[in-house]
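Chain A is fixed; fit chain B onto it per the hints.
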Amino acid sequence: MAIGNEPSQKPAVELDGVTKQFVDFSAVEDLTLSVDDGKFFALLGPSGCGKTTTLRMIGGFEEPTSGVIRLHGENVTGLKPYKRPVNTVFQSYALFPHLSIFENVAFGLRRSKVSDAEVKQRVGAVLELVQLVGRENRRPRQLSGGQQQRVALARALVNHPRVLLLDEPLGALDLKLRKEMQIELKRIQQEVGITFIHVTHDQEEAMTMADTIAVMNQGRIERMGAPTEIYEDPRTAFVSGFLGASNLMSGKVDGDRGAVALASGGVIQANPNRLPAVGAEVKVGVRPEKIQLFAPGDEDAPPNRLPGKVTDASFIGVSTHYLVDTPQAGEMTVVVQNLDDRRFALGEEVVMAWQPEHTFGVTG
Amino acid sequence: MTAIAETPRQAQETAAGEAEKRRRRVPYLLLAPGIIYLILLYVVPLISLVRMALQDGNLQAGYEFTWAWENFAEVFTTYRGQLLRSLLYSVGATVITLLIGYPLAYAIAFRTGRWKNLFLVLLLVPFLIPFLLRTLAWRTILADNGFVVTTLIDLGILPQQGGRLLATGWAVLAGLVYSFLPFMVLPIYVALEKTDRSMLEAAGDLYSNPVTAFWKVTWPLSLPGVISGTLLTLIPAAGDYINVQLLGNPQQTMMGNVIENKFLSVIDYPAAAAISITLMIAIVIAVVFYVRSVGSEDLVA
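Keeping their order, the protein sequence lines are chains A and B.
With our numbering applied, the first sequence corresponds to residues 1195 to 1558, in that order.
With our numbering applied, the second sequence corresponds to residues 6 to 306, in that order.
It cannot be assumed that every hint is accurate.
Dumping the calculated DSS-like pairs for lysine-lysine here, alpha-carbon to alpha-carbon at most 25 Å [as the list claims (entries may be wrong)]: (1) K199(B) with K221(B); (2) K1277(A) with K1233(A); (3) K1233(A) with K1204(A); (4) K1277(A) with K267(B); (5) K221(B) with K1307(A); (6) K1277(A) with K1314(A); (7) K1233(A) with K1373(A); (8) K267(B) with K1274(A); (9) K221(B) with K1314(A); (10) K1477(A) with K1503(A); (11) K1446(A) with K1477(A); (12) K1503(A) with K1484(A).
Restraint ranges, calculated between C-beta atoms of paired labels, are given here [stated by the list, open to error]: (13) E1374(A) with L133(B): 54 to 60 Å; (14) L133(B) with N1269(A): 55 to 61 Å; (15) N122(B) with N1269(A): 41 to 47 Å; (16) L34(B) with I1377(A): 52 to 58 Å; (17) Q1215(A) with W120(B): 20 to 26 Å; (18) K1503(A) with K199(B): 56 to 62 Å; (19) R1537(A) with R29(B): 55 to 61 Å; (20) V48(B) with G1242(A): 56 to 62 Å; (21) Q1215(A) with K199(B): 26 to 32 Å; (22) S1513(A) with R29(B): 51 to 57 Å; (23) W74(B) with S1309(A): 58 to 64 Å; (24) E1374(A) with E25(B): 39 to 45 Å.
Keep in mind the hints are simulated off the structure, nothing from the lab.
Where is the CB? At the ideal position from N, CA and C, for every residue including glycine.
So here's chain A without its partners, still in its complex pose (with noise of 0.2 Å):
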């Protein structure tokens, strides 16, 4: 089912220097970006951040400051939600509990006058798409968690939306749940190819659905671009540690080849690219799971070595998280696939190392 218009050259959703100040502070400020048409966009950020702020500026439901929407190249701004080429799935899920789940769907087609049979072929073709076929006659409250929940998807796809707003769609949904509606979100959004775009805190729903993510801060967006590419060179302090786990070590760039100095000794091998000019201070940092263990004097090791000590190991199945103290870096922490027998007992000495371009740099 192809729900979605013809593929837009012109991006679904942009923002142009928007702001938006609230009495006492500024929710989003000075925020541009620009989402595809057909794509799954993910504004991740922890609360306060300004999000939901942009995704409800995006809806009509803020106006913002100042700066500019625009929906597939057409002014928006000022414009009242009713019209407005979007629909919303919201956070509460905002169901009508007066009327059955039927017209709940049914309602924004009644408002745009479409006929009685087209609605009804409508509406149930959407909630085959969300698998409620037979519900049609319950009242929200008698709905699951769940139920509800693709009850609203189903109430703002059934429109077809050019572009479908989702804030913190998953939040009241129990973490099994939350992880079987983020496949079937992503499968019906791959199904209809609707620009999707997604509000909320959760990295790993952002990096499971989303073809682009933005990290946002403090009303800025701190760095956008597909999951894997932020993931291994998040830019800033704060999304490295805000998407995934980081190993942060200060120091300074030492030559263009890509070394860092750290500033309590020793040399740090990093890719050039992902490094500020020479002689700027700089935090490097690497991932977790990136770090492999060897005893000292392993010859095997990956050029990018610090001794430790092990101080606490935790075998969780599929992995063990290690902490490992070392003289240069602090405590830093370790992820070890149970690949092999080799385990690395506490008060252990060992030598971590990796890959070069495996090490990021990061501001701030």
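Here is chain B on its own, set in the frame of chain A:
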């Protein structure tokens, strides 16, 4: 297993059964004061009222239970005017109260912001003054030489000659509306207040302009409040007699006045009882039809 081994378990089971029985009794114990109160002060008087309505005789000679159904027939013949007027005034007052009260409740719930509590208190302030005094105040407000009447005459709404409000049906209506307005506003306010705002945003998101959103979402969600409010206005208004007594004249007498008169002045208890019961049944029937047609059982609490 031997019988001796079973005995302790049986004892245990009996103890558990006892506890269970005690637990089941608790709700009834909690209900008891209310039930006793209702039986003594509502059910018993109601039965005696029905008995009274079927008696014959007079105060001097004493009353006798004779299945005197003619007492009821009299209600529809002698007092048909008052019965119809009671319905007319109470329904009229309820409609006007709703028209004034709904916007007021809406404004307090959605538009007053941090002054909300102040407005709610203002709504309840009149209750601090006795009912009788408030109604008497309306005599002054609607007096023939008061500013309301003179203004209406100046505007040409009331005739120059003999234009007055006091002792007319309008004064009675005004008094009824004033008396019961808070009973209409408060339940509607409560229903509106707990409406989830995101519901209205969702309606807007689904192509409803504010007017459609009101009729398709806000109004149906506030219906439980509207029903309570209209019932709290209609029922006491139908039996009211103070407003007619103080603001109307004998042409406006309602059933309440007839009952009061029969009970306290004429001392014709059987007739008074028959009228009371008729009025009560009429109201119950009206309420049942009203609630059925609005379909409140389907609405969310």
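Status of each hint after checking the structure:
no.: 1; hint: K199(B) with K221(B); result: 17 Å, holds
no.: 2; hint: K1277(A) with K1233(A); result: 23 Å, holds
no.: 3; hint: K1233(A) with K1204(A); result: 13 Å, holds
no.: 4; hint: K1277(A) with K267(B); result: 65 Å, violated
no.: 5; hint: K221(B) with K1307(A); result: 14 Å, holds
no.: 6; hint: K1277(A) with K1314(A); result: 24 Å, holds
no.: 7; hint: K1233(A) with K1373(A); result: 20 Å, holds
no.: 8; hint: K267(B) with K1274(A); result: 63 Å, violated
no.: 9; hint: K221(B) with K1314(A); result: 19 Å, holds
no.: 10; hint: K1477(A) with K1503(A); result: 22 Å, holds
no.: 11; hint: K1446(A) with K1477(A); result: 8 Å, holds
no.: 12; hint: K1503(A) with K1484(A); result: 18 Å, holds
no.: 13; hint: E1374(A) with L133(B): 54 to 60 Å; result: 58 Å, holds
no.: 14; hint: L133(B) with N1269(A): 55 to 61 Å; result: 56 Å, holds
no.: 15; hint: N122(B) with N1269(A): 41 to 47 Å; result: 42 Å, holds
no.: 16; hint: L34(B) with I1377(A): 52 to 58 Å; result: 54 Å, holds
no.: 17; hint: Q1215(A) with W120(B): 20 to 26 Å; result: 25 Å, holds
no.: 18; hint: K1503(A) with K199(B): 56 to 62 Å; result: 59 Å, holds
no.: 19; hint: R1537(A) with R29(B): 55 to 61 Å; result: 60 Å, holds
no.: 20; hint: V48(B) with G1242(A): 56 to 62 Å; result: 60 Å, holds
no.: 21; hint: Q1215(A) with K199(B): 26 to 32 Å; result: 31 Å, holds
no.: 22; hint: S1513(A) with R29(B): 51 to 57 Å; result: 55 Å, holds
no.: 23; hint: W74(B) with S1309(A): 58 to 64 Å; result: 59 Å, holds
no.: 24; hint: E1374(A) with E25(B): 39 to 45 Å; result: 41 Å, holds
Checked against the numbered hints listed earlier, the structure breaks hints 4 and 8; every other hint is satisfied.
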